[in-house]
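Peer 1: Residues per chain are reported as follows:
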Amino acid sequence: MKQIGKKKISRLDFVILLLTVLLFSIGMLTIYSATYVPESPSWLSPISYRQLIWFTMGLVGMGLSFVIDYRYYLKISYLAYGLAILGLILVLVVGKSAMGAKRWLIIAGFTFQPSELTKLALIFALSRFFAERRLAPPYNLKELIIPFAMVGVPFILLLKQPDLGTAMLVALISCSIIFYAGLTRKTIAALFFAAMALAAAGWQFLHDYQKQRILTFLNPELDPQGSGYHIAQSKIAIGSGGLAGKGFLKGTQNLLHFLPEQHTDFIFSVYAEQWGFWGSSLLIILFMLFLIRSLIISQEAKDPFGSYLAIGIAAIFFWQVCINIGMVLGLMPVVGIPLPLISYGGTSLLTSMTLIGILLNIHFRKQYF
Amino acid sequence: MSVLDIKAKQEQISKNGKIFLLAIVLAGSLLLIRLWYLQVIKGEYFNQLSQNNHIRVRRIRALRGIIYDRHHKILADNHPGFSLSVIPENINDIEKVSTELVKYLDGLDQDDIINRFNAIPNHLKYRPLKIRNNLTRNELARLEAHKMDLPGMLIEVEPIRNYPYDQQCAHLIGYQGFINEQELERPSYASYYPDDLVGRSGIEARYEELLRGTDGKRQVEVNAVGRELHSRISQPAVAGSSITLTIDIELQSYIHELMKDKVGSVVAMDPHTGEILAMVSTPSFSNNLFATRIKQEDWQKISGDPLRPLQNRAIQGQYPPGSTFKVIMAAAALEDGIITPDTIFSCIGYLKLGRSKFRCWNKYGHGKVNLSRSLKESCDVYYYNLACKMPIDRIAHYCAFFGLGKKSGIALPQEKAGFIPSSSWKLKHFHDQWYRGETLSTSIGQGYVLVTPLQMAAVYVPFANGGTYYRPQIVAEISNPHSGRKQQINHKAQPINIDTRYFELIRNALWRVVNERHGTAHASRITVPGWEMAGKTGTAQVVAQPGEKLKSKKELPWKFRDHAWFVGFAPFRDPSIVISAVVEHGGHGGSAAAPIVKQAIIHYLESLEQS
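Protein chains in written order, with the working numbering: chain V, 6 to 374; chain Z, 55 to 665.
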């Protein structure tokens with residue numbers, strides 16, 4: 006029994022666990038410095054404190070998603086998907102609006118963002134669809150009508166909110182799973198051109214502020230005081246960190262509030278200003294190791310459902326990291342996507358940790374029949 | 055589900071795994087390259103930007119130099135006051151902010167502020183824009199209470215210029231005015247901020263550079279909304295040099311009081327140094343009004359006054375010298391050998407030249423007149439006779455010895471040169487030759503001749519001291535409080551190339567003017583033993599000689615009355631002061647100007663005796 010217990014423990018993926026702890030610690034430290042007020046009586050800012058509470062809740066979420074055999078998720082995949090779609094529709098009808106967009110539902114006093122659930126539900130549903138498919142890959146365009154429809158419905162609902170960032174994210178994640186499942190070369194080429202055409206056509210459906218953001222991104226001088234200002238200040242913060250950084254709690258851009266959203270979307274700038282190139286590279290490398298490890302879990306999964314699910318989770322992390330860091334580095338337009346495990350935010354942290362629990366789950370059960 | 059299907063799927067998965075690994079590595083590398091570019095290649099650039107973001111350099115205003123009189127009495131210094139400025143770059147909506155400010159500051163001109171705000175070029179937006187200086191206690195309290203509603207507001211303690219003697223020497227000290235946009239663009243004003251004050255007249259203008267000092271720098275850390283957090287002095291301010299004038303403020307005030315209801319000017323000089331002891335011009339103005347932003351109504355009152363109170367008549371008022379000019383004629387004629395001291399001309403009340411009659415002021419004539427008496431009684435015909443024998447250019451030649459027809463070079467701005475005519479000038483400007491009759495007018499200080507009261511004081515200095523011209527001097531010492539270096543200004547003596555016996559002769563004649571019966575200034579003689587005054591009266595025509603037919607001069611409208619001159623010095627034996635006085639439209643020099651000179655001299659000699 007003792008032997009079996011030891012064996013079981015060795016099946017836990019300590020690499021992912023270690024990376025998770027490291028990334029969260031960096032996040033905590035950065036949130037602490039982003040919300041640091043000199044001469045404040047309390048040593049921990051309320052925001053840092055709340056993030057710690059969310060972390061403990063995240064641990065519970067991680068534990069629960071780990072304990073339940075992931076194959077059980079297969080059974081509830083479509084149900085979850087249905088619920089997510091329902092949530093998105095509800096949000097449009099009765100949702101709470103903020104800053105011109107309806108994104109939140111209030112259930113029993115808790116504000117809740119269905120778009121977070123959508124990401125999860127969609128990777129479940131797509132994984133189940135491809136896992137149960139009685140057809141060998143690679144697939145052609147005709148064989149992909151159903152999965153594209155599965156993506157299309159929430160995509161359009163998200164655009165309606167409007168939440169362009171999440172809609173794009175959902176599209177990218179879904180496409181990653183579909184691509185992973187296998188496409189013919191012809192299909193890849195066709196999809197590529199279709200995406201281009203869609204982007205061009207979609208331009209006119211964008212809201213003015215969204216167009217503005219993209220234009221500003223292409224030419225920051227257009228709006229030095231608005232969103233261009235954010236990117237400019239972010240670049241100044243990161244660039245001024247130099248090779249070695251300004252040191253812990255010494256980031257002037259951060260302390261003097263030149264950075265926008267410094268503890269949420271722009272937290273990477275706060276970190277990079279303090280720790281410089283070495284510190285920032287470390288963070289990026291940690292993320293890359295995390296992604297590679299997730300990819301390995303997907304490769305080693307016992308069944309295709311596990312593989313698809315793991316790659317879906319990896320895709321969620323991959324695209325969020327790339328878009329968020331790309332944005333603060335001035336490589337992408339400003340979209341409100343947090344940096345997983347680092348940015349402040351309960352929903353984001355809870356979701357991320359639940360996803361990591363599923364990764365551990367898949368890895369734990371890879372040679373267990 | 056067949057095992058085959060699963061196998062196919064898993065093959066596909068492991069095949070795509072490599073592509074995904076590549077994608078992860080590529081994306082990571084891309085981010086790292088971008089990071090390297092921002093932090094390492096452009097790191098220094100962004101570091102500079104982050105410094106500029108939160109470090110503002112504010113200036114520490116240098117204290118303006120103090121101006122003293124010869125006895126170290128303060129003529130201009132600085133008092134602390136509170137000023138309100140706004141920092142243009144921190145203001146988004148000037149309309150809104152100025153609407154707020156109007157509520158707290160009495161009589162604030164909102165349009166003026168908006169205009170000034172909009173006129174600031176972008177690259178100067180970090181410099182504070184002055185809204186008001188010398189805030190009252192109430193205004194200060196209201197502003198402090200609403201500090202939070204007014205972003206970009208800056209309340210500073212700021213020195214305000216103070217002139218304790220105000221009107222009494224306003225022309226001399228001058229005033230300051232706000233710098234204008236054109237000046238700000240010029241490189242010589244590079245260290246100035248919008249709404250800085252610059253010397254506009256008098257010593258304040260002439261020594262602007264020295265008085266101003268060098269502003270210091272303070273590095274201030276600001277946050278994103280521009281609130282100041284910490285500051286550090288990176289370069290201390292260096293106060294401006296202080297300037298000691300040769301003026302005796304006590305005498306100046308006394309003379310100012312004497313001239314109170316008159317229009318004119320009085321200049322007092324030390325005949326042994328050329329130092330100006332007093333320089334009064336009336337009417338005067340309050341230069342303290344200019345120390346803060348002058349009110350529109352005050353400005354209009356001063357600038358619109360037909361008597362032009364801003365003009366410093368001592369150096370800018372150009373008058374015909376009248377008979378005070380005769381000493382130069384006398385000295386020139388003696389030196390050129392045209393006359394001897396004993397040469398006698400006969401005065402029958404006029405001299406006929408061609409068809410014109412040139413009249414003496416005494417229509418009954420003076421009879422036989424020698425040089426000494428010609429001065430004592432100011433006989434015009436005597437000088438007409440001299441003029442008949444002297445070419446105009448010869449007269450101009452001698453005038454130059456006495457500093458006429460050119461600026462004296464006194465350290466005050468906007469000095470006028472006066473005018474001495476010459477034949478070449480006449481030819482050039484009137485395309486006509488010089489007529490003898492014009493020389494006759496010139497010989498009694500009429501016609502084209504123009505002098506300033508300062509010049510006239512300087513003309514009499516050689517007669518007081520026996521033959522040496524001194525350049526009029528207003529500044530005695532300039533001392534730099536930073537280096538402690540003191541620069542004494544040297545007197546500049548120019549001995550005149552005329553026999554000293556002639557100076558002595560004319561000097562004695564000038565004594566008779568005041569101290570003998572029938573002398574034109576006999577009424578103003580000083581009876582204190584040892585303080586006897588010598589001098590010369592003068593009456594400068596404003597309009598052409600009206601002739602006997604017209605009513606008596608007292609009935610003439612004020613503006614047509616003659617200007618009254620008197621230049622005198624005392625004590626006769628060893629003069630310590632020369633004073634020239636002109637009273638515009640005062641009438642006769644002996645009655646209008648001489649008493650002022652007399653009183654001023656007595657006052658001065660008394661004060662010398664006491665000290």
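It should be emphasised that the hints constitute simulated quantities derived from the structure, not laboratory data.
Ideal Cβ positions, reconstructed from N, Cα and C, are used throughout, including at glycine.
Mixed in with the good hints, there may be bad ones.
Said to hold, decoys possible - SDA-like mimics (lysine to any residue), calculated; alpha carbons at most 25 Å apart, straight line:
#1 V:K240 / Z:V276
#2 Z:K461 / Z:V317
#3 Z:K461 / Z:K443
#4 Z:K61 / V:M33
#5 Z:K127 / Z:L659
#6 V:K255 / Z:S477
What the hints assert, rightly or not - What follows is a list of derived Cβ distance ranges for each label pair:
#7 V:D74 / Z:L80: 29 to 39 Å
#8 V:I52 / Z:E275: 32 to 42 Å
#9 Z:Q164 / V:L254: 40 to 50 Å
#10 V:L254 / Z:E65: 44 to 54 Å
#11 Z:V111 / V:P51: 35 to 45 Å
#12 Z:N106 / V:K13: 28 to 38 Å
#13 V:L95 / Z:E65: 22 to 32 Å
Said to hold, decoys possible - In silico negatives: residues of chain V with every beta carbon more than 10 Å from chain Z:
#14 F19
#15 S47
#16 I73
#17 V98
#18 G331
Peer 1: All hints are to be evaluated individually against the structure, with a verdict given for each.
Peer 2: Hints, verified against the model:
| no. | hint | in the structure |
| --- | --- | --- |
| 1 | V:K240 / Z:V276 | holds (19 Å) |
| 2 | Z:K461 / Z:V317 | holds (23 Å) |
| 3 | Z:K461 / Z:K443 | violated (29 Å) |
| 4 | Z:K61 / V:M33 | violated (43 Å) |
| 5 | Z:K127 / Z:L659 | holds (19 Å) |
| 6 | V:K255 / Z:S477 | violated (82 Å) |
| 7 | V:D74 / Z:L80: 29 to 39 Å | holds (35 Å) |
| 8 | V:I52 / Z:E275: 32 to 42 Å | violated (24 Å) |
| 9 | Z:Q164 / V:L254: 40 to 50 Å | holds (44 Å) |
| 10 | V:L254 / Z:E65: 44 to 54 Å | holds (52 Å) |
| 11 | Z:V111 / V:P51: 35 to 45 Å | holds (36 Å) |
| 12 | Z:N106 / V:K13: 28 to 38 Å | violated (59 Å) |
| 13 | V:L95 / Z:E65: 22 to 32 Å | violated (42 Å) |
| 14 | F19 | holds (20 Å) |
| 15 | S47 | holds (21 Å) |
| 16 | I73 | holds (22 Å) |
| 17 | V98 | holds (38 Å) |
| 18 | G331 | violated (7 Å) |
The structure shown violates the earlier hints numbered 3, 4, 6, 8, 12, 13 and 18.
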